[in-house]
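**Student:** Got chain V sorted already, so can you dock chain B onto it with the hints?
If you want the building blocks of each chain, they are given just below.
2 protein chains.
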Amino acid sequence: MLKFDETEYRKDLTAQVNAMAEGKKIADEITKQGFDNIFFVGVGGTYSMMMNFVTLAKQYTNIPIYLEQAGELVLTDNPHLTDKSIVITASKSGDTVEIVNVEKWLKKKNVRIAAMVMSKDSPVGKLCDWRIPLQVFKGVEFEYLSIYGVFYGLLADHGDFDFDRFYDQVKANMVEGIIKVQKDYDDTAEEIAAKYYNTDYQLWIGGGELWGEVYLYTMCILEEMQWMKTKAVESSEFFHGTLELVEKDTPVFLVKGVGKYRPLDDRVEAFLKKENNNYTIFDIKDHMIDGFDKEFEPVISPIISTIMLNGRIAKHLEAHSGHDLDMRRYYRQFKY
Amino acid sequence: MLKFDETEYRKDLTAQVNAMAEGKKIADEITKQGFDNIFFVGVGGTYSMMMNFVTLAKQYTNIPIYLEQAGELVLTDNPHLTDKSIVITASKSGDTVEIVNVEKWLKKKNVRIAAMVMSKDSPVGKLCDWRIPLQVFKGVEFEYLSIYGVFYGLLADHGDFDFDRFYDQVKANMVEGIIKVQKDYDDTAEEIAAKYYNTDYQLWIGGGELWGEVYLYTMCILEEMQWMKTKAVESSEFFHGTLELVEKDTPVFLVKGVGKYRPLDDRVEAFLKKENNNYTIFDIKDHMIDGFDKEFEPVISPIISTIMLNGRIAKHLEAHSGHDLDMRRYYRQFKY
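Quick note, the sequences are listed as chains V and B, same order.
Residue numbers are given in this note's numbering: position 43 of the first sequence equals residue 63, and the series is strictly consecutive.
Residue numbers are given in this note's numbering: position 322 of the second sequence equals residue 342, and the series is strictly consecutive.
Chain V extracted, bound-state conformation (with noise of 0.2 Å):
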């Protein structure tokens, strides 16, 4: 398999799956001191990534719980941003400008902070007041992982998410069954990304708690490492501009949910299969990692879509076009 070393994988997976309990401690010692509301703050891909657990929480918790952009928050504030409040933030590298600088300015206003990064002798890792372990600089699932310990933690600790469940079977399925879907998927992968690696553009759709995982996968994977034009649009939305776009060839993909906005994708693709014939359908039940509760299913979708996009599409994208996923025009490849 492409880019796939299944033991240095399966180990930092049990590596980062062991990591939890070290988010749910930081998260006893948070509920401990006490706190008003959560501020998930984030640029780019982890602003994307941190999306579904905002989108989640409503159906978990009446804690407040806000997604602000870094790069926005220094500029306006948000009067709901106290010293009773906890920032969950995050920096793969440790030295992202706009997690770095919103930091120093919540600093200044005591905001506590939990951040997650790789090393805590980095700008990011040595700003925050507890660092989030994540163990590999590459793969979403990761950072899916090291956020579940201490927001999931923050969430059972207010008594609305059952989180000593949850982690018995994320320790019991996770790794081998993220390992499953990566070697279940990679056939599908390599398929799609043969027949799509030359299109110009692609229409990308998807909602709820994958909304994000469709926003970081066009933008941050597409855009970014292949230079391919995509769109993407909430399943809620694709009926109000975007559907007109659609003629028959038009390259479309939906990554369907399987939480309680699935009717919303089911819409858009009863429409697809009646009007397009250039679709592609992610179905994330088709490719759930068993063990779990049904409730859980949603929270670990976005682990599920995130290898079958970035994970094994992606590797496979590369291979086809030649273009490096490392490869930058731009990105910190000089000041601007």
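No lab work stands behind these hints, which were simulated from the structure alone.
You can trust all of the hints, since none of them are fake.
Put simply, identical chains are the same to the list, so a pair is met inside one copy or across any two.
DMTMM-like cross-link-like pairs, simulated, lysine to aspartate or glutamate; straight-line CA separation at most 25 Å:
#1 K104 with D180
#2 K78 with D97
#3 K280 with D103
#4 K104 with D56
#5 K203 with E317
#6 K355 with E295
#7 K203 with D344
#8 K268 with D346
#9 K294 with D346
#10 K355 with D269
#11 K305 with D97
#12 K129 with D180
#13 K268 with D220
#14 K78 with D103
#15 K146 with E49
#16 K104 with D149
#17 K268 with D344
#18 K124 with D286
#19 K78 with D56
Everything numeric in this text was worked out from a predicted model, so none of it was measured.
**Tutor:** Only chain B this time, still in chain V's reference frame:
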């Protein structure tokens, strides 16, 4: 001027400005009844029209304000939505399926509804507790003005916004100011339309209180009404993926705001000037309506933007492309 009947337009605008007083009365009534929070609930064009209010509110009030997509809200609910909430919703036609459905759902939860709608006798008009007057079907500037009365009225009643001063300036300057922008911008709009009506793909960037404008114009005008492919991305997010698409000749469009988020637009502009030869900047500052205090300029900026984009450029695009803005492949053509 294309599709511009000045006499009729002045009459309608004047009526819409006068109706702000009615919106303020609704706000006073709601305030007297009491409320815990405000939910904006929309879909497509109305959803995007509402975005600026939610964004700007952060700079004015600590009233909790939420934005929900109507089709999603009925599936998951929101823990902060109670019979102490006020919902502001909108449907120009008065029969948008998602809005009718969400109103019925809200009524069962005993949530009070103020709805922007043309007719009290429409399904949406019948289901709401207060009708927020809307004079005409076309022209997003009418929708913005329609919401001004009730929303900034609620903020004023909470001690967070100087409604009287704002409304005085609206009454003194808005109608003729809008007409002046329509006229002054018409030649430039024609040039832009002539240059770009035939492009296959347009990249649009903007942020803050103007993000809703970029979202709406790309999805509801260019995609829905001209069947042109677009990508819209926030200024704050542009540097985290989409920038890699920019080549010298990529058609890029940047809407620059006049408020606190402007530095993010400045950064995009500097990048485009260096890396692209085919960009168009819509700087709202250059088209500001006279007579408003500086603090109100971001508040009225979406009106100026929509006049330039939907009001003028769309009309010229239609003339050049020969693609009627009212032509649809699917929307409201049949059930799907």
